[in-house]
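Engineer: Sequence:
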Amino acid sequence: MAVIKRKAKKPYKRKGSLVKSFDGQRKCPRYKLSTNSNLLGSAALSPFVVSLSNHLFPSGYERAQQPKRGVEKPDCVSLQALTAAALILPSLFQPAAQAADDDEVDFQYSHYQEGKRDIYGGLSDEITQAVSVVKYPTNLNPIEVDSLHGSARISLTDRVKFAFNYTQDTWSGATPLSTAPALALGNRPHFNGTTITGASPYAQELLQSYFDQQLNPLQIKGIDPNTGNYVYSPATSSRLVHTLAAASPETRKQGDFKLSYEWDEAALEVGGGISIENDFESRFASLGGRMDFNGKQTTANANISYTDSDITVTLDPESFPFIDRENYNDKIDLSYDSKSKPIGGQLLDKRQDWSAQLGLTQILNQGALLNLGVNYTRSTGFLANPYKLVTVVYLNPLLSQLTTAEPLQEPIVGIANSRMEVRPDERNQFNWNAGYVQYIEPLDAALHFDYHFTHDDWDINAHTFEADWVQPLGAGWTVTPRVRYYSQSNADFYTPYVQTVEVLDDETGLPVASKLNRSIPTNYSSDHRLSGFGTLSGGVTVNKQFTKGIQLEAGIEYYSHAGNLKLGGGGEQDFADYDYFSANAALKVNLSAVGSGGGSSHNGYSGHEHHHSSNAPAGVMYDHSLDKSGDIMFGYRFMRNEQAGDMLNGSQVVDADTVRFNGCADQECKVSPDYMAMNMHMLDLMYAPTDWLTLMLMPQWVDMEMTMTPLFEIILGGHAHGTAVHSHQTGGIGDTGLYALFKLFDKSDHHLTLSIGGTAPTGDDEVTLRITDTNPAPNTPIHYGMQLGSGTWDFKPSLTYTGKQDAFSWGAQVTGTRRLEGRNESNFAFGDIFQSSVWGGYHWTNWLSTTVRGIYTWQDKIHGEYLPLTLRQGTPYKPTHIGPFDQPANYGGQFVELGLGINVSIPSGAFAGNTLKFEWLQPVHTDVNGYQLDRDGALSFTWSYGF
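Numbering-wise (our numbering), the sequence shown opens with residue 6 and increments by one.
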């Protein structure tokens, strides 16, 4: 896959030459030419390189060749056009934090979506038993990724810069598990009556394969009516097919930073970060610098980085008994059932990555720039993908079967199984890149062309050609179309599947020497991202620059991945072809442009004094409007709720047996939650069209995690399930809030604000679980409380009073949620909510205050329930692997909480106008509906900037 994060630069400020003279007559501020680095070398190996790539990226090369390039310069007009010319298309993932000259805060949402793949398999005629290859309907949702990214770049002093990023990705859907001949039935048809309605993946229990004495594949032609024996004929299809497997949602979270110090002609920066997901944790650090020469027309930069990763992969208990793990037995920590039978385990290992990068950027003339770079990365440790399997067909022909000239009475039989892939434990990669930027003065545009070549000791050679055209349109609009072509050769150990031959003696049955003998290779992988292929993509980005330093940006890019697009031909068969796209939307606020960075301006303005600053705790929303027409406030809000500890029925603690026999209505609970967490990331975008009205837009991102403990052991399919703690995750866009805030009473020390609005159902209320033995029905919804949105239009009014006198402040609010629809598309509606709170605060200084708040909340139970499920054959199915969270009556209740908060509002200086708030909510009284997990508490954090 070719997913590219490209950083948008400033639009053109002027026409004419790009480069003025550097003769010392004109003071040109320090600038940084950030070129030649890439995701493998810029800020250590980002864990999305070493982990998320296992899910998405082809081989590491499409990723490795993405340059983080551009010319960053805040005030020097001579390079502004080159800065714009280096505009980079935004896409799914972000580079590590980059300390920059302009103070800026960015938020970006991205979505990656693959198209459905063609699925083929064998079909046996009920009468003749003849096997043929047919195309199955595709009923598995393809893989998709939702990504949230937030970043800030801040000038601590004139020379010290700080930057940080936070990225969160949630992915789910069907992804290739292995590759096998279609006749082996790695995909099995399932029927509704006599109609094929889809396919199921089989990584185990593959059909036997048949071969003649030359080891050519055969297929069943039918049954001899005289003997009743199968009749074989040469295989009419050599088609290979992916075995697809669906995955429930999983989430990765990454945070990183960079700190830089700049001299007049040099800079030094250090960085680091951490990435965490269920099966992978990485810590990374980097050190880099640059030096300017030749009147600052030449820049050299260097960077080294290190990444240390821990792999903790929980092996799927559904497939554990059937997968060959021979090569990893010493790395697997087994778990056992009550009869000491292994039923699962964890693969534990390490990985390290070192990277070094050198770059050179040269301004060629008034309208052109050239950059060159080289990167080396060494990776050691566990480099395989633990979720990828390889089909191995074992042939044990007798010597006489291979030497006879007569047709065989019985074919040679091949037995197949699936093994975990094995890759080398070392990889050395080299990447060379060259980029050229040309300003086109008559069109006030720029052409950006790049070429990359990558080679490694896995024998993969990769080429990337890409070009952008950056075209300002006037009125703050910029459009950037782009095209990209990528091609790579296959890894030397890539193979769609493995076929082994061990010839046996007719009499002894022992192996004998033969030139036909073939053993399993040392390394093998059928991951199509290591095959030979090409990718052709095209996209466009549209950027709008508003006043006060605000930018909105949106981009989309469409890709075609195909073996026949490989440079020079010889790529993989079309079974590995697919299309995909990535799209994003970004909000960027240039803090250097929206306010004075040094405190009050000539008219006494400061961000703190200019706006009515809310004294409410962090957990209170809709509590204030903006002061006057034209004012804007931009903010970020984070809320985390946790549940853990005892199970409750009402306000009483109950034991596991009580939950088991009473918590799931007329069924027996199989699992019970022991930990639940919900995180919400929200943007507060406020604008005052009049003095008395403020409009508010609040998009949000939600992610949730639940771990469950089995209440007893379940035996399905001959092996045990449910004997270990397991978890579910979801994440993505939540419901979007739209509000109008009215000033009902507005005096210097007393304010009454009415908020009228609600949320639109933009969050997904149809998140499903993957099919397993314990969950055999397709499209089984995840637990009610883990859906990303309500699925209904919701009315959320509130009335807020705030007051203050001297160092004291206080307030009260009543708010509620009314579901405007009786059912969503999943046939249920969350309960209505009523909440009231009162608080008081004390200002210890002009920038620091503390708050105490009391909160009462009532929430109704869920109304309705999920629609009935059916199995693939159309048979009604009632889930049995359930817990209390699957019952609508086990939601809602009455809650009392105590909140303790700290508010920091910066009145002057470099960070004037910024407000930070923190609040912790501690449960005081809990009375739940039905059976629910007790609450641990909630944390709220807000940051806002008004201008």
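Hints were generated in silico from the structure; no laboratory data involved.
Glycine included, C-beta positions come from ideal geometry on N, C-alpha and C.
Hints should not be assumed to be uniformly reliable.
Stated by the list, open to error - Quick list of simulated restraints, FRET-style, between CB atoms:
| hint | residue 1 | residue 2 | range |
| --- | --- | --- | --- |
| 1 | Pro802 | Asp579 | 51 to 59 angstroms |
| 2 | Asp579 | Asp778 | 27 to 35 angstroms |
| 3 | Asp941 | Leu448 | 54 to 62 angstroms |
| 4 | Phe454 | Pro694 | 42 to 50 angstroms |
| 5 | Gly120 | Asp163 | 24 to 32 angstroms |
| 6 | Gly120 | Phe327 | 42 to 50 angstroms |
| 7 | Phe454 | Ala480 | 56 to 64 angstroms |
| 8 | Gly655 | Ser634 | 45 to 53 angstroms |
| 9 | Ala480 | Val901 | 20 to 28 angstroms |
| 10 | Asp123 | Val901 | 29 to 37 angstroms |
| 11 | Pro486 | Leu557 | 33 to 41 angstroms |
What the hints assert, rightly or not - In silico lysine-lysine, BS3-like type, Cα no more than 25 angstroms apart, as pairs:
| hint | residue 1 | residue 2 |
| --- | --- | --- |
| 12 | Lys809 | Lys633 |
| 13 | Lys593 | Lys633 |
| 14 | Lys593 | Lys520 |
| 15 | Lys633 | Lys752 |
| 16 | Lys809 | Lys121 |
| 17 | Lys344 | Lys355 |
| 18 | Lys633 | Lys553 |
Engineer: Are the hints correct? Go through all of them and say.
Structural biologist: A quick look at each hint next to the structure:
| no. | hint | in the structure |
| --- | --- | --- |
| 1 | Pro802 x Asp579: 51 to 59 angstroms | holds (56 angstroms) |
| 2 | Asp579 x Asp778: 27 to 35 angstroms | holds (33 angstroms) |
| 3 | Asp941 x Leu448: 54 to 62 angstroms | holds (59 angstroms) |
| 4 | Phe454 x Pro694: 42 to 50 angstroms | holds (44 angstroms) |
| 5 | Gly120 x Asp163: 24 to 32 angstroms | violated (50 angstroms) |
| 6 | Gly120 x Phe327: 42 to 50 angstroms | violated (30 angstroms) |
| 7 | Phe454 x Ala480: 56 to 64 angstroms | violated (28 angstroms) |
| 8 | Gly655 x Ser634: 45 to 53 angstroms | holds (51 angstroms) |
| 9 | Ala480 x Val901: 20 to 28 angstroms | violated (53 angstroms) |
| 10 | Asp123 x Val901: 29 to 37 angstroms | violated (57 angstroms) |
| 11 | Pro486 x Leu557: 33 to 41 angstroms | violated (18 angstroms) |
| 12 | Lys809 x Lys633 | holds (20 angstroms) |
| 13 | Lys593 x Lys633 | holds (23 angstroms) |
| 14 | Lys593 x Lys520 | violated (65 angstroms) |
| 15 | Lys633 x Lys752 | holds (13 angstroms) |
| 16 | Lys809 x Lys121 | violated (59 angstroms) |
| 17 | Lys344 x Lys355 | violated (31 angstroms) |
| 18 | Lys633 x Lys553 | holds (16 angstroms) |
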